[in-house]
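*Asks:* Protein chains in written order, with this note's numbering: chain L, 4 to 404; chain Y, 891 to 1265.
To be clear, the hints were calculated from the coordinates, so they are not data collected in a lab. C-beta: ideal position from N, C-alpha, C; glycine also. Some hints here could point you the wrong way.
What the hints assert, rightly or not - Computed footprint of chain L on chain Y; a stretch qualifies when at least three of its residues, placed anywhere within it, have a C-beta under 8 Å from a C-beta of chain L:
id : segment
1  : 976-986
2  : 997-1003
3  : 1084-1098
4  : 1101-1114
5  : 1117-1129
6  : 1157-1166
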Amino acid sequence: MTAANAPRRPIYLDHQATTPTDPRVTEAMLPWFREKFGNPASPHAYGAEAEKAVETARAEIAALIGAEPREIVFTSGATEANNLAIKGAVRFKGAPASRVVTFATEHKCVLESVEALRREGAEVSVLPVERDGLVDLARLAEAIGLRTVLVSVMAANNEIGVVQPVAEIGALCRSRGVLFHTDAAQAAGKVPIDVGEMGIDLLSISGHKLYGPMGVGALYVRRRPRVRLEPLFSGGGQERGFRSGTLPTPLCVALGVAVRIAREGMDEEGARLRGLRDRLHAAIRAQLPDVVLNGDAERRLPGNLNLSFPGVDARDLIPALGDIAVSSGSACTAASVEPSYVLRALGVDDRLAAASIRFGLGRWTSAAEIDYAAEQVVRTVVRLRAAGTGATGFDRRVETS
Amino acid sequence: MDRAIYLDHNATQPVRPAAAAAAAEAMAEVGNPSSVHRFGRLARRRVEQARERVATLVGAVPAAVVFTSGGTEANTLALYGFPGRRILVGATEHDSILNAAPDATRIQVGPDGVIDLTALDRALAAEPGPALVSIQAANNETGVIQPIVEIAGLVHRYGALLHTDAVQAAARLPFDLRTLRADLLTLSGHKLGGPMGAGALVLREGLDLRPWLRGGGQERGLRAGTENVPGIAGLGAAAELAALDRPGMGEVERLREELEERILDAVPSASILGKDAPRLPNTCCVAMPGVSSETQVMALDLAGIAISAGSACSSGKVRRSHVLVAMGVAAEIAESAIRISLGTDSRPEHIDRFVEGWAAIFARSGGERRRTAAR
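With the sequences and hints as input, model every part of the structure.
*Replies:* Structure representation (structure tokens):
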């Protein structure tokens, strides 16, 4: 495609909310709906065929993160994987005698999981992050106490894309004898992860964030030394008892294929997205020099850009962008009138937080789309500023909502 | 692979073409239903349309449908979500119920597999206060149908709530929450002809539960996690078909009757379990005395016929069925029981092949002679 070609619209720049399913993934998945439809737990040819396919997928997922296939537990998604990892590990040790450490910029489902443990009697530390969104290792080291069972730190943030020093956190946790869980929903398949080198004990993956299907995810559970979990629910005893329920063969197969594609193209695709992302940032900054980048500039996901546009309310800007789909933060809380808790945790003031937009670039994002988006963003911000909307920022919206 | 004859529809079944198409269509688009932009709104529309279809199938309001990852999770949500402490469950419930409430009072069933209403009455009367009773609509192993309307009447007399696991029943029986008067109901997508990985818990209007998975606040805050849009769309399409399809169950039932007649012709000493109770039209649980379930399942698999020895759960392990034990079936019978479950794609020639293969196993085992000797 040449830059002169008009991009297909609307343009999807919200890849941290969800990614399109790669057509190769869909193609691999569909035969498992009708032709090869067996239940992997069934004791006959249909079951054996399904089980074999599920095990192939399990091996692909293991290969992405340097794990063994037996260490992969399929779940319905990252929310369930995070719940299982955090609640499961702490409940196994007994919540009332345990301490959990996490950070303020974690995904809601992580924060809610530790909150649930707090209600069960666990001691919970939710630590602040630095201005750039990164965790301070010294602060973390200080927070780990004798009763600490688990530290949970996301590998990459869903709003600001900041990639945490996972290996350093892993080493610290290892030296202190505490379990380390990382929510890698955004990072897996985008940046290299190795559970061995990084000292990770538990790691959550989401299918639909890496061009796989919705409704499936995985939890890595270390076997040596063995990490023990109390299951969230039990029943048929599938997944070695960690996770009961019929294994959804088509979804497992699809996740395996998605993971393989992501692994094989990771370096090249990362470089391409980084180039496009920097091009978008540069084009906007050239026209709007006062934009503020949220999160560290270097240590972030290649496809993520989070910018605040002073004097503009994101909830005016997003609809005004028309055929460009971006968001003001996590999709889960997109409809909320509150400014992003992630940006607040970085110390961004409410007004700037309410002026922030998350651009999420992905596998089919083209240079033409980026150029169009940059132009459209600049034009719209200039127009809104001239019209004076958002002059009172977030406060105005609270009054009217 | 040369396709074997599939007679294990209670384990799972092929996705209906319309449901597969609905899922594939959703997969061709991008959008998180929680996103406010147009991609998100389109995904939201798909989810809400499916919610309406599921609600229509079971006679509920759309707002009372909570999507889950499947039947096991829906059952767990029902039991976990009940804010009270006292739970009573049927003795023949699926493992996902029995394990979700290990301390629950178990209500015994009669030899026919039907819940003992007197025992239920006694158990409810024994301890006053709010309670949740969970009784499946139809059993996955024997197909035995429970008298849900009567049970609901009894349960409600004590001010308790009734949950029914309708995973097996929903596609095969007329089903309406309002006439059944159950308060909560579990559905599984893949047992309805939808894709695996989606299910639902349906609540009576106005009923509130304790949140199960918190996080992004999806599904009215009861079940967090990005919705499985293709799976839910497929479940919706399957729900719409299921309502139309139930008449086809008459044909399935005729086939099952033929199957059972011919089974008893071939092996007169065989016992059909749960035969004295109303059963799902597609399910046949039969014991061949003297031959273990596992032997039968393996031999039939080699002969190109897929059946099972009970529920398809922990990796094909054949254990003595807790369902048959609860019915008071003798150990030697329970250990020799298999499950044949038909679907709308089952044909008379499938029955022929099964009976032929099964009778051959019996002949190899020494037939009647050995059975007599074993006595």
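*Asks:* So which hints don't hold here, by number, going up?
*Replies:* 2 and 6
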